[in-house]
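Spelled out, the chains give:
2 protein chains.
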Amino acid sequence: MKELKERILRDGKNLGGGILKVDSFINHQVDPGLMDACGREFAVRFVNVSATKILTAEISGIAPALMTALHLGLPVVYARKTKPITMPDQVFLTLAPSHTKGRMVELIVSPEYLAHGERILIIDDFLATGSTIHGLVRLAQTAGAAIVGIGALIEKSFEGGRAALKELGVPVESLVSIQSMEGDSIVFGEG
Amino acid sequence: MKELKERILRDGKNLGGGILKVDSFINHQVDPGLMDACGREFAVRFVNVSATKILTAEISGIAPALMTALHLGLPVVYARKTKPITMPDQVFLTLAPSHTKGRMVELIVSPEYLAHGERILIIDDFLATGSTIHGLVRLAQTAGAAIVGIGALIEKSFEGGRAALKELGVPVESLVSIQSMEGDSIVFGEG
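Which chain is which? The protein sequence lines are C and V, in order. Here the working numbering is used: the first residue of the first sequence is 63, the next is one more, and so on. Here the working numbering is used: the first residue of the second sequence is 63, the next is one more, and so on.
Some clues are possibly wrong.
Copies of one chain are not kept apart here, so a pair can be met inside one copy or by any two copies together.
Stated by the list, open to error - Computed cross-link-like contacts, DSS-like style, restricted to lysine-lysine with a CA-CA straight-line distance of at most 27 Å:
1) Lys67 to Lys163
2) Lys83 to Lys163
3) Lys64 to Lys228
4) Lys75 to Lys145
To be clear, the hints were calculated from the coordinates, so they are not data collected in a lab. These numbers were taken from a predicted model, which means no experiment stands behind them.
Isolated chain C (complex conformation) (with noise of 0.2 Å):
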């Protein structure tokens, strides 16, 4: 998607070690007429795998999630790394590597809101070694959900998340692909 690649490239930071600075626009500052763009690009790309609902992690997915699910007319849930007060307490709690915190992080969904059933699309910002997606995947598996479909703004490539996918047998989207991040540089793969 040129619109994310140009602004990736005017506003991205690489800062070594496979980190991609994008705060000023969809991580901490949000850019909310490009994330709508891109909710709408995943919107046509998803439009035929049946989704009933929308799955994505807090806190940085929330964005591009919300505005596919706008496009698409479904619900979205986003998955919570703490238990607020509000949540019964028999959860779907799964632990995932977090590649920016350096550490494990639980990913939790009510009952309420993961139903047996369902066909659930995952969106999030980055596919990196895909380690979220997969946690996302568990939750839903786990409540007896099918997965339909995964979606992210970025995809660094050389990390190897899409192969860790495949298995899955669904489309794999990313709006843009990051083949390498050597020195300074940001290297667009193809598409």
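Go by the hints and put chain V onto chain C.
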């Protein structure tokens, strides 16, 4: 706002102790169409305050703030509760008591995205005691930015937050106002 009031009556739950559960459409599962309508309504109410940026707090402020930002054509910044590795060492940080967590939480904004002279519209999900919103006000003021308006989806008027914000002399708008939550009731006030 009629649509939000009806939704709270239909799907909200008074859990006691002043806790209103809105997890099925705002705080865990999100209804994007409803959030879009709320964002449009905030945009109408604040169109004349000449805001340059919207400020909210992660996590549950993100959805209404993002939709308001979309309709006003402004960037939105969400204060983080933990400092990510992409943020500079020098930040704006304040502490605010969390109603639903029962402890103090940090609210952190990078000086990169909150600057002297900006005109800040604060949008959050709840206005209860006003402590989170006051934390956001302190962050903006420390940065040398002006507060030009405050909006909340749901005001719990019996918790006194509005009075505590009066000294700011800016418009405070809530889309629905709850007057009391005795027993398991939810009683709306005027407006």
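Hints versus structure:
1. Lys67 to Lys163: within (25 Å within a copy, 38 Å between copies)
2. Lys83 to Lys163: The answer is within: 14 Å in one copy meets 27 Å, while 29 Å across copies does not.
3. Lys64 to Lys228: within (25 Å within a copy, 46 Å between copies)
4. Lys75 to Lys145: Intra 33 Å, inter 17 Å, cutoff 27 Å: inter-copy only.
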